[in-house]
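Peer 1: Sequence:
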Amino acid sequence: MAYLPGLDANNTALLTSVLTYIRAKMGLAPPAPLPNQPPTASPPPPSAPDAPSQPPPAPVASDPLLDSGDQWYMRAVGVTDAWQTTRGAAEVIIAVVDTGADLSHPDIAPSLWVNKGEIPGNGVDDDGNGFIDDVYGWDFAGGCSLGPDRRCTGSSQCRPRAEPWDDNGHGTHVAGTAGAAAGNNLGGAGVAPGARLMILRVSDCATGAIFASAVVAAFDYALRMGAHVVQASFGQSYPYGFSPTQPAPWYHAGWIRTYDNAIRPLNDAGVLVVAAAGNEAIDLDNLKDLGYAYSPCLITSPNVMCVASTDPDDAPSDFSNLGRATVHLAAPGRAIVNADKGGGYGPMSGTSFSAPIVSGAAALVLSVLGAGSGAYRQAVQARDVLLSSAAKPSSAVLPVVTGARVAVAAAVDAALAQATSDAKGTTDVPLTKAGPAYRSGTTGSTTGPNGVPLSATGGATASLPVMAQGFTETYCKLPAGMPASVIPPNGTAGLPVIDRRPITGIASFANFRHSAGVLLSITCHVRLDSSGLYSVRVSTAAPATMYRLLFGGQQVALNAQGVGAVAAQQPGYYSVELLLLSPRNRVDLWIRTPLIPNFIPMQPCFSFAGTRYRPPAVGPARTPSAPIGAGLLGSGWLVRYNASHSFAPVPTSTAPGSNPVPFGTHAPGMAALAAGNGMGGIKYRAVTTLPDLNLAAPGSLYRALRLSAPEFHTQAQSSGGSSGLTGDATTVLKAGVLPRSFAVKVSCRYCSLVINDLPVLEVYDSTGSATNPPTATSACVTLPESDMARITLFFSVADVQPTSNSPLVMAWAACDPVQGVGPYVQWQSFAGRVASPDFWDPGSYVSGYAQGLQCDIWKGGSMPGASSATLDVVLAPPPPATATNSSTASSTADSWDDGSGWGAAQVAPAYKVRLPGPLCDQQGSTQSDSQADSATACVQPWAFMLDSVLPGLAAHSAGWVWSVRCWAYWDGAFSDPAGPKAAVTGMGNSRSDQPTKRADIFLGGRQVWSSTWPGAATAPGSSQPPTASTAPTASDLAGNVQLLVVEWFNVTATDYLTVTDGDTPLQIDPSSLFLPLPCTAPSPASAVGQVGVGNPGHFSLTLLPDIEDIPTLTGSNLWGLRRLGAADSGAQGLDALMTYASNVGRQVRYSAAHGFLLALSDIPEAYRLIVSDSALSSTAVHVGGVTLRNAPKFDPITTRATTSSVTAALLPGCYIPMAVIVKTARPDGRTLFNVGIQQPASATGPVDNSVWYKPTGLSIWGAAG
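Numbered by this note's numbering, the letters in the sequence shown go through residues 25 to 1289 in order.
Just so you know, these hints were derived from the structure itself, not from any lab. Even for Gly, the Cβ is constructed at its ideal location relative to N, Cα and C. Keep in mind that a hint or two might mislead.
In the DSBU-like style, the derived pairs of lysine-lysine whose C-alpha atoms are separated by at most 30 Å in a straight line are [unchecked claim]: (1) Lys1217 with Lys883; (2) Lys416 with Lys312; (3) Lys1005 with Lys883; (4) Lys758 with Lys769.
Beta-carbon label-pair distances, calculated as ranges [stated by the list, open to error]: (5) Pro763 with Ser1185: 36 to 42 Å; (6) Pro826 with Gly996: 27 to 33 Å; (7) Ser1185 with Thr1036: 44 to 50 Å; (8) Gly541 with Asn796: 33 to 39 Å; (9) Gly154 with Ala277: 26 to 32 Å; (10) Ser261 with Pro289: 25 to 31 Å.
Whenever a hint applies, use it, and build me the whole structure from the sequences.
Peer 2: Encoded structure:
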């Protein structure tokens, strides 16, 4: 018996010509000379037993021979595609039974199997397996006396030895083809570079002969030492073209029996044997029929595969043995370039090199099949996968069992499908298929939790939410009666959150804050840079019932060693959640990637914010024409706090090494925030504003919080009278003012920083100096591109005195998302980079304003942004209208958007009014709104019916319910300790056939009252009884006004809607209520969906009302109405009688003009807008989300001509987005727009084309602009 020598192994010229032909067919340049590198002095040292390796340097994704096309067969059979799933698990071992291997070859040495039970070179059989120093395998045939080049001298009898060196080259090439290292910028690669190569030499040193006794011993060694695939490129020796006609001699039966006996234990153990078919151009079917031996290829066993050779065109190689009944499949075998002895590389041909391609493919398949359980000995399953997935060539006939050539990528895909299928799974623990990754892009787009758009690649972060390096710990309280030894099926869902904190560093967790009776959720998103097969491991002494691992939203099946596997379908960020029940024992998380064969600490991991910052659902941010950040009106921070703090930290955990809990005891803001309730439930007594958090000087915090005012201090403090403060400061980081990635530094004793809802930094110093607190730096935080972010700092500060206090300082610096903060960074203040939608100084000239209370009414029991003052209004344009360039546009069925949302038709309110104007002038007389607003008689209690502000609503909406949102920036405070209340007739007493009525109140961007609250909120350290309101009772906003929002749900037109301060009705006083008016720069739209300022002139549409239109009211949501015509004129503004294509006579209709009003003054001034209605018409004017002019009651028969005016403060040079909606029944079919404007000390003039501009940038306008 002999190894199957590589055909043309010494004919370099011939093989080079073959490679040149192959590369020409592939469109590549001729091959470069193959490298030939001398061997290193000795094999690499083995790894330490069972020590998880630290991450190696990032591999250079380059293999010159593969990249150049010299290893043509790798891509031909789909190896590189299969690598997207796995490059082979390090646990999978290929036993190369051959002529040995060059153990020092730079592409072989990294892939060598290492016997971890053996200590190299000590002359002792450490593992007791009968072999001394068998570190990389064994030489069973033995070596002769060796010269300096390790070649046999032939002067001594061969004898077994520990180092299976190759002095032939055949075994080195076979081993390299199966599993040479990849990505090391050297030479080429093997099919399964992540698998391990056990080198078993069986060829005689002197003659090269292979004796059955050596092979049998090698097979037994492979079985005992854990091999999963046995690679055998040898067989009996026959003449070329041998074609016997007589039965084989009797001794062939003995040879066959010997191999059958040797292979049977391998089959029983699930070890696959891959054998070469041979190179004599023999029909092996004939040999088998006549009883000839060709072992191991012709051994009939479920675990044996015999492999023939194909050429680059998939035709059978002329030298290859074949057999339709005996040879199972084929693989490339011509000009196979791989490792050669002596450290070089070269091409060889023969079935000897077809077989290791299949062996490598088998290792990849087994890596997938066994990933979930670690059961990699699945010979029959791997053989079935390889045979069933093989590819039949379209232009050639392969006389083998399958008629096909191995298809590695298809085999790995099939293995992955089998391993992740409960129906087909054959492993003890199924492979977990991870859920969607955080991605976005033109192909394969998905979204993650909360609809957050996701990143297209591992490195791209433009569309990711706020993210920070590290993990987040969330502690949840188990309810009474729930078993303390069983993790709830739904994890933390529905459990109350008692604490959250960020964790930085490697994935190792200990020193838990809480233990008994809690469920801890440790979360992050791990970045996977490629699709493929990943193994994960949970290392802990805790019982398996006390922890659970989820990856990509799917629970990972873990074996007894805590190891599981997941299949990532695409690169991206995958959610990881580790649930720990009553945590006490240290836990470590490990991961193994397709590129790194060993477990490393799970990395890189990032905590994601669960939500993006969204501007308020009210105010100028609703208008897309407003610049980015238009809703950020206030400069600096809004600070809420309680004066008085005992500072007696109490540990709340009995876990070993636990620390006291600052925010569980002193400022429970973290828990409330984590519970998803904003800051509802926390009672702060005082509120103020600060321009910056840079309070380091003695007494600076005392002065900044205005504690010198006795009456303010008295209101702010709770009982106890000590000199500490507990509170939070919140603001919004403007878009684009900081680098995308930055770190935050905080100096304080007790504080926690949250960005959106993501905790990123925590400081707790119970022993340090109050006047010299520690300084802590956050992990690197990365923001979405062009996104704003809400920043909240929770703090507890001691010794707040006029001349001393514990500092409270916050700064930022640029950082690298991977490397973190550099050593020489410059820390800078947040001043000028933050602003707030929660408060505003109307005298700061960042926005114009009108005065009053804006109320928006939706039909039904819901509204956009319901129960939250910080949710988006989605701005989506309706279907495009037909463009027109004349006032006689043809009638179409197109629709128009609402009058205030600028395209937000699906969220626009049905009706909009500004109070108290309609209360003072319900019939729309000639009295001006400005007179009504300033009149003392118009200061009304906040108690009204919808029918009183929208006359006729009740008569035409019987059985309907409505949702109402009233808002303004308020120069006031709730002084009653009981706080505010909002009521509606029948609240809490709705009939069973009616939806429940409810109400919510928000102040300064935070919910302070709800009719659904149980009334159990208590201020930290307070002895006062619980109250259902968390509104501060002491307010000093330094000239600012706070955003006040009140919402009612499921109310009728005749329900009384009331707001009280305690039991005292709140007053609607226009002098204390401010409504910001947006403006935009004089530039066209820069992006789809953004409205820009167009040319001077008028553009409007006229539309028919729908069947739900209430006759007496002028609606503000014109979404879906049928379009009758358009008017487009560059010569007119809002001062003309417009004609439309369809003359419908007296039929009631809407006409809507959108555009921009230019404020001509060069200083901020108060303008008067005068609006006149012709007979049978009613006009409403809206600026952004604010109603400037309420539409008078409409009657299509008796409505008289009216005129009214309103005053608004406008900024100089500002283009104000405005919608004018006219409901009319004029008999001539035309619509009169009659709007005038008056500046102080100027005469009233029309809003003509000198100050009125058409919009552009959206196709919905239907005009070129």
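Peer 1: All hints, please: hold or fail.
Peer 2: A quick look at each hint next to the structure:
no.: 1; hint: Lys1217 with Lys883; in the structure: holds, 19 Å
no.: 2; hint: Lys416 with Lys312; in the structure: holds, 25 Å
no.: 3; hint: Lys1005 with Lys883; in the structure: holds, 23 Å
no.: 4; hint: Lys758 with Lys769; in the structure: holds, 18 Å
no.: 5; hint: Pro763 with Ser1185: 36 to 42 Å; in the structure: holds, 39 Å
no.: 6; hint: Pro826 with Gly996: 27 to 33 Å; in the structure: holds, 29 Å
no.: 7; hint: Ser1185 with Thr1036: 44 to 50 Å; in the structure: holds, 48 Å
no.: 8; hint: Gly541 with Asn796: 33 to 39 Å; in the structure: holds, 37 Å
no.: 9; hint: Gly154 with Ala277: 26 to 32 Å; in the structure: holds, 30 Å
no.: 10; hint: Ser261 with Pro289: 25 to 31 Å; in the structure: holds, 26 Å
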